[in-house]
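For the record, the sequence lines run as chains V and L.
First residue of the first sequence? That's 1 in UniProt numbering, and the numbers climb one at a time after it.
First residue of the second sequence? That's 1 in UniProt numbering, and the numbers climb one at a time after it.
By construction, these hints were calculated from the structure, which means they are not laboratory data.
Computed from a prediction, not measured in an experiment: that's the story for all the values here.
In this text, a Cβ means the ideal position worked out from N, Cα and C, and glycines have one as well.
The reader is advised that the hints may include incorrect statements.
Stretch-level coverage of chain V by chain L, calculated; a stretch enters the list once three of its residues show a Cβ under 8 Å from a Cβ in chain L [what the hints assert, rightly or not]:
{"#": "1", "region": "23-35"}
{"#": "2", "region": "114-123"}
{"#": "3", "region": "135-147"}
Residues of chain V clear of chain L, computed beta-carbon distances all greater than 10 Å [said to hold, decoys possible]:
{"#": "4", "residue": "Arg41"}
{"#": "5", "residue": "Asp76"}
{"#": "6", "residue": "Ala249"}
{"#": "7", "residue": "Asp278"}
{"#": "8", "residue": "Tyr300"}
{"#": "9", "residue": "Glu410"}
{"#": "10", "residue": "Pro430"}
There are 2 protein chains.
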Amino acid sequence: MSKRQMIIGMHLGNGYGSQPGAWRMPGTDPRSYASFDAKVRQAQAAERGKLQFLFLPDGPSQMVDIEEEAPNFNLDVMLTLAAVARETSRIGLIATGSTTFNEPYNLARQFKALDVMSHGRAGWNAVTSSGEDVAANYGQRIPPSAHRYGRAHEMIQLVQALWGSWGREAWLHNHNTGQFAKADQIAPINMGGKYVASRGPLYIPPSEQGQPVIVHAGGSPNAHDLAGPYASAAIGASFTIEDARAQRAAFREAAERAGRDPDEIKYFPGLMTTIARDRRSALDRRIAMTERLFPQRVAYLQRMLGIRLDPDRLDAPLSDKQLNAAHPSPRDPRSAQALKIAREGWSLRDVLAHGVIDYHPVIAGPAIEAADHMQEWFKAGAADGFWISPDIYEDGIDAFVDGVIPVLQERGLFHHDYEGITLRDHLGAPTQYGLDPRISG
Amino acid sequence: MSKRQMIIGMHLGNGYGSQPGAWRMPGTDPRSYASFDAKVRQAQAAERGKLQFLFLPDGPSQMVDIEEEAPNFNLDVMLTLAAVARETSRIGLIATGSTTFNEPYNLARQFKALDVMSHGRAGWNAVTSSGEDVAANYGQRIPPSAHRYGRAHEMIQLVQALWGSWGREAWLHNHNTGQFAKADQIAPINMGGKYVASRGPLYIPPSEQGQPVIVHAGGSPNAHDLAGPYASAAIGASFTIEDARAQRAAFREAAERAGRDPDEIKYFPGLMTTIARDRRSALDRRIAMTERLFPQRVAYLQRMLGIRLDPDRLDAPLSDKQLNAAHPSPRDPRSAQALKIAREGWSLRDVLAHGVIDYHPVIAGPAIEAADHMQEWFKAGAADGFWISPDIYEDGIDAFVDGVIPVLQERGLFHHDYEGITLRDHLGAPTQYGLDPRISG
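Produce the complete structure using the sequences and hints provided.
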């Protein structure tokens, strides 16, 4: 079985999935935001599907209209993953940790402890954080981009050096000789740069995968340059195959520029799913969750298509006149897909229910449509896999696991079981402990 | 049952208990340092004994001779407590978090998330951290005392304000009306002082106890002043009843100065235990663990007693000449106890095995001796309870739980079961959410 197969992760967020109104649906526990039981169950459902990783984004700010919506993220991503680590056995555990608003020693310690706790399943999504609302929680303003990315490079190197500061073979714990560890292999690193410094050592032995995997999320040239030397995976957001191919190529080229094999960095665009027995059921399900937001989305869709739309006529399809006048905005890559859906004759309500104004491509329909989408992108070289945001209302994760996964397996596109035990195994990431000797500081 | 009873906590450290050689004893898993299973089992043993809390000290540096000894602390106290929170149901969970080397927003978030996760059992031991080895891990030097304590006051207030920033009754999650929360009750705090600042809000709803309990560890006037306005418990280290009474009084007076009822702050001196069927077995057990350290401890004991001792004559009791010449050092409060033990005629090895040079009073003997010690201190007004560091080799926690606890219960000194569900319940700490209105910044 040397055939290339896709890698699939699942978004583990605020407990309600990706759809804003999900918290108030029947069958949903409206308290899932504060429920670690809920997060553990969701993680276990993903593991049942043999998904390779969970991805927990983080702000660490939560700008939402709290009157109507749940905050975006976990109460605390590391504590969620600690619970999940104890109550799952194989699935990888990737959390966002800001390179701007954390002390490197604290961050290094907690991620490596999670890696030991999970027996080698941790990954750190190293991002710089942006937004003044985040900075304000730290009594700061967002530093300029050069500062943020300069610090991010230093942070990743410092953290990796701390991870390697307890030598891989240093721990003897020899009952007979009384030697606990080889002191000369657990040594200070004394690293410091322009932004961060630490002495170390960090007193944490290696996990089954040595140390956590580095992940990066983003799509800017800065993101490519940060991921290139360090990341084993890039968490992306692409609306079209063309964009995804370009993003994947950019990450691969950045890895190559850093002296690495481009296959060492995997690109995962996002995909949102509402899996139901047919398109109509899926659309109705999404309408139930998000219809409240449709008036403002009509306004947004107007701009995407360059035409007037009437929020009071959600039941009607777009008129021929509207369709003929429409011209997809070149500034919004979702516009062409929105127009394509509108031309299929769906009512304005149903057009919106297709998720044409969402953060990622949306599949609302039977499982085979999601499988087809994933296969098409994967075969086109647009993805090494995907991170999925299923709607969680009722059975969204199970619907994906029981519906989409078997189709992908039948087509030889997805594994039937975990081949290894660590996140590094799941991603096909090479062994690394401490700094990568190929990357110079 | 209005009779005053003692409160007992247990030290949860590196996995081997308080005795340095324990990691290499038969029956001990020498890998417990990296084992979350081991920590969870230890916590469950303490909960079986109805102990009110676990206390996890933290460096965050780990200065030891790693050739021979395990690091002092947990891999990561918060991840350990996350595992314990999921796998216990009543026992309180107190961890040290540095006020000097943490961002207040990050610390506030993680402790309150732990509080929600544990259903109201979290406590924050707010300490300033000292030692250049700690500071070096943050690329810093230890700030002067005025800076450290100034920042500590600001940190605690800021963290409490963040905890209160999601109003206690703000979360409605009303299926029918679609109102998730009352936005006007989840509001920025915009607090800032000389050292730390944050805008907030912190998007975490209240736990069953509202927010974590504040604890402080130490015994200096600075410690009393920091604990006085905020702490519900003081983790102490006293070698004599007299010192413990003075410490307890100092904390109570500090609380009173801050406008609080002195009963709101409980004082817990430490106690180390090796419980065995008789004194001889207990001493042999301690000799097995720590004899390797006796040569250096002989040198230390010489200074405590002001006499010459021969490290090659561990088998012999001290001579009459030595005992007559001995004068306990007034600078070391353990000296009088050491001389008392020596006068009982124990060999030099056995004197040391009594733990006369340990971090806390040591009971090495049958359970009743520990119960007697605890009763005497408790009745003398020297303690509201204790934090126990049992040796963990083989069955140290079980020996305490099965031996000492029933004696205390029989004497009416310790409860038979948890009366409440939260740490605040266990400590008898009053309700508090957000800042304490009695304490001005």
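So, going through the hints one by one against the coordinates:
no. : hint    : verdict
1   : 23-35   : holds (count 7)
2   : 114-123 : holds (count 3)
3   : 135-147 : holds (count 4)
4   : Arg41   : holds (13 Å)
5   : Asp76   : violated (4 Å)
6   : Ala249  : holds (36 Å)
7   : Asp278  : holds (27 Å)
8   : Tyr300  : holds (21 Å)
9   : Glu410  : holds (37 Å)
10  : Pro430  : holds (24 Å)
Of the numbered hints given earlier, the model fails hint 5 alone.
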